[in-house]
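Asks: We have chain A already, so just place chains B and C on it with the hints.
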Amino acid sequence: MRHDHLITSKQLSRADVETVLDRAAEIDADPDAVADRHTNTLLGLLFFEPSTRTKMSFETAMKRLGGDIVDMGSIESSSVKKGETLADTVRVIEGYADALVLRHPKQGAATMASEFVDVPLLNAGDGAGHHPTQTMLDLYTIRENAGLDDLTIGIMGDLKYGRTVHSLAHALTNFDTRQHFISPESLRLPREVVYDLHQADENAAIREHDSLEDVLPSLDVLYVTRIQRERFPDEQEYQKVAGEYQIDAETLEAASDDLTIMHPLPRVDEIDPEIDDTEHAAYFEQAHNGVPVRMALLDLLLSDERGGEDDE
Amino acid sequence: MRHDHLITSKQLSRADVETVLDRAAEIDADPDAVADRHTNTLLGLLFFEPSTRTKMSFETAMKRLGGDIVDMGSIESSSVKKGETLADTVRVIEGYADALVLRHPKQGAATMASEFVDVPLLNAGDGAGHHPTQTMLDLYTIRENAGLDDLTIGIMGDLKYGRTVHSLAHALTNFDTRQHFISPESLRLPREVVYDLHQADENAAIREHDSLEDVLPSLDVLYVTRIQRERFPDEQEYQKVAGEYQIDAETLEAASDDLTIMHPLPRVDEIDPEIDDTEHAAYFEQAHNGVPVRMALLDLLLSDERGGEDDE
Amino acid sequence: MRHDHLITSKQLSRADVETVLDRAAEIDADPDAVADRHTNTLLGLLFFEPSTRTKMSFETAMKRLGGDIVDMGSIESSSVKKGETLADTVRVIEGYADALVLRHPKQGAATMASEFVDVPLLNAGDGAGHHPTQTMLDLYTIRENAGLDDLTIGIMGDLKYGRTVHSLAHALTNFDTRQHFISPESLRLPREVVYDLHQADENAAIREHDSLEDVLPSLDVLYVTRIQRERFPDEQEYQKVAGEYQIDAETLEAASDDLTIMHPLPRVDEIDPEIDDTEHAAYFEQAHNGVPVRMALLDLLLSDERGGEDDE
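Going line by line, the protein sequences match chains A, B and C. Counting from 23, one number per residue, gives the positions in the first sequence under the working numbering. Counting from 23, one number per residue, gives the positions in the second sequence under the working numbering. Counting from 23, one number per residue, gives the positions in the third sequence under the working numbering.
No lab work stands behind these hints, which were simulated from the structure alone. Keep in mind the model is a prediction, meaning the values are calculated, not measured. Hints are not guaranteed to be accurate.
Which copy is meant is left open, because identical chains are indistinguishable; a pair holds if it fits in one copy or across any two.
Within a straight-line C-alpha distance of at most 27 Å, the following computed DSS-like cross-link-like pairs (lysine-lysine) qualify [to be verified]: (1) Lys182 x Lys104; (2) Lys104 x Lys128; (3) Lys262 x Lys128; (4) Lys262 x Lys32; (5) Lys262 x Lys182.
Pulled out of the complex, with its shape left as it was, chain A reads as follows (with noise of 0.2 Å):
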């Protein structure tokens, strides 16, 4: 891997997919062996969002290699209250840190920022733009249940607005996957993001369904997301629409038996707790796996910066 920042899933061939997520195998199968291989490093963590997973996440991969991180905490008890720009925050933080992982509410703000400074900046979730290091444990969490390549896979309730869908999607492009959309009418792809898959891979197997009933047979993995509330004008409309996208013991009756079942977690009531303790549940696994792949990524591109560091 040859990059100094990373902002998107999409600046990832397959090649380099592959080197992260083989070393995140290699660190998750004896993670002794990096306790000590970044010492004396901070990681500089700036959430201008609220966050518990990928935060803690990114918190623990940095200490699991042996360094640690300097919090610039909520923005209410920051700078950014007094009217500081971004570029300004990051050039500051920049000065504490041997790399900074980024979360901001505006698409954009992550390539933005990361022209102002030197060391690796992490795109953390940039509004409706890129989370790359959930694709990547995403990825990682398929290969290790399912393989990605000759995969069916299914994805399923809010593909409009889900940044986390949208961004895995278009990794699956790389491999030989046939992607199934599941939703509402109301909550479908956005002809753009269909568009773009289309552009990465002009051969890409790619169906839109209303329904989860006839594909679900034929599914290796099934990737749930969370229906949000506040997307509905009406609590009745929400209420169909979410209870038509609920998965039971019932639902997997018609299930192959090698399910994998993903969800990017918080869930509410998408995945009734009845499956939790079944071979279909990965949702935690996936969760968990959010460590040995950052610790991938932050080694690769801290080991990067020590090899190639420019001048600063």
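Replies: Same frame as chain A, but now just chains B and C:
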């Protein structure tokens, strides 16, 4: 000590308590000896309610053992706001940490959460339920200052709502103690707590008093708690009651020279600052004892874990 | 340096300042040499007011010395809300940490707090009072860029309310400097500060100006501060005043090629971003200097402590 989780001090036998206090005393005497004992260990902090000293003291304890923490942060910035269940939150976060500390406003939360995780979970307060690490540091402070056997202790203030008090009183039934409970009528120990104490020790020497006056000369330890303004419908009523249960130099004229005064802090007006520099005052020492005691608990639970880890 | 606490830069002699700046320069030149100098050391952070860069920079400094922090967090989640006094809070937290950093909205808070603790306490800002570590990094930046003797400095903007400015101006009286203060009439230096500067150095070369124009060509350093909107009753009045004290490329045509421009940040409109890439701009370097300077201060105070620790 053979426990996977620490939920309540009731789960600990007298021998267990002594194991913890002995370990804490060893650590207190020579903290450098354990400064690298749990390197590469991460403690997950899940505080669903505000806390300063409990949280900082756990953080300090883990770091003084060579480890580090990952903090969920305030619930305002977490997935809890999106409707995630506690069971899901702890299952995600156990993937980041080697042990968890949980504070939660609902009684029973720690027990429930512990059923979903494979790493050791320490209860740092579950509503009106338990707060066993506070009890352990109270016991440690009593033992250091007055001994735990042949002890006469007065517990004064808000005895109705204070989980700290209930938990301490229960733990003391393991030892040869005489317990005097001093409070206004409206803040007496709940009848079920008194019943519980007699169940734990049928010979429990327990007395209740309206006033400190009669009992003060006989006390080895006086444990003072804060009477909360918000318990009273009427400011005047509060002032009258609070005023009667304040300690100052004049109050202490009738006390033994060896009397030890404790308080879980924060205090407001219960103890006059003029007492702070006397030999009686043990409340800051008590707060500081949170560190060696929590170091001992973490050390024992994490070492157990290492020896007897089951598959996860 | 022989001080237990760092409360104000006024307590430091010229020799003390030079000791700190020399140590900072050594650390800056070879940070790896001190990367394990204060392992097993915990710095307690007590910020009763919001801060980004001061707090992160202290955190970075302690971690770059091999130590770690324990953070009280925001006062919303602390015992302060329950009515605890500052004296009690610092006495509890000194039990967790080897040194304390305090920021507090009330002038005099650091002095008061320091009387209650045995570990070194560093003032990170006490209301309109002092902020000595900011002054030290300002002095360090001036010395690196222009030297501290035979210096002509302009200090511009909000001179009335800025504790940063008052503290810096006072510290500069230790050196052979000519100080020009440039501000609108309504934001001039308070008369007592001017008096104070003359008390500190009866030959102090101090002039006040309404406009930058006359004085700019003679300056080695121009220190710009933010004019706060909230100081003005009227938006129009603010716009007029703020507009007059903005720096852009055109302004600088009259300046020396060697002029160094500083700003404590965050800036809003005081300095046009087109200046950022010129040789004049030293404000990001200045922010970054917070790390080696605070490392030097912590190292000196913690090393003192080790040598001359009294019983606690």
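Asks: Taking 27 Å as the upper bound on the Cα-Cα distance, should Lys104 and Lys128 be classified as within, between, both, or neither?
Replies: both (18 Å within a copy, 20 Å between copies)
Asks: What label fits Lys262 with Lys32 when the C-alpha limit is 27 Å: within, between, both, or neither?
Replies: neither (35 Å within a copy, 47 Å between copies)
Asks: At most 27 Å between C-alpha atoms: does Lys262 with Lys128 qualify within a copy, between copies, both, or neither?
Replies: neither (31 Å within a copy, 32 Å between copies)
Asks: Given identical chains, is Lys262 near Lys182, meaning Cα to Cα at most 27 Å, within a copy, between copies, both, or neither?
Replies: within (18 Å within a copy, 47 Å between copies)
Asks: Tell me, please, which holds for Lys182 and Lys104 at an alpha-carbon limit of 27 Å: within, between, both or neither?
Replies: Between copies, since 19 Å is at most 27 Å while 35 Å is not.
Checked against the numbered hints given earlier, this structure breaks hints 3, 4; the rest are met.
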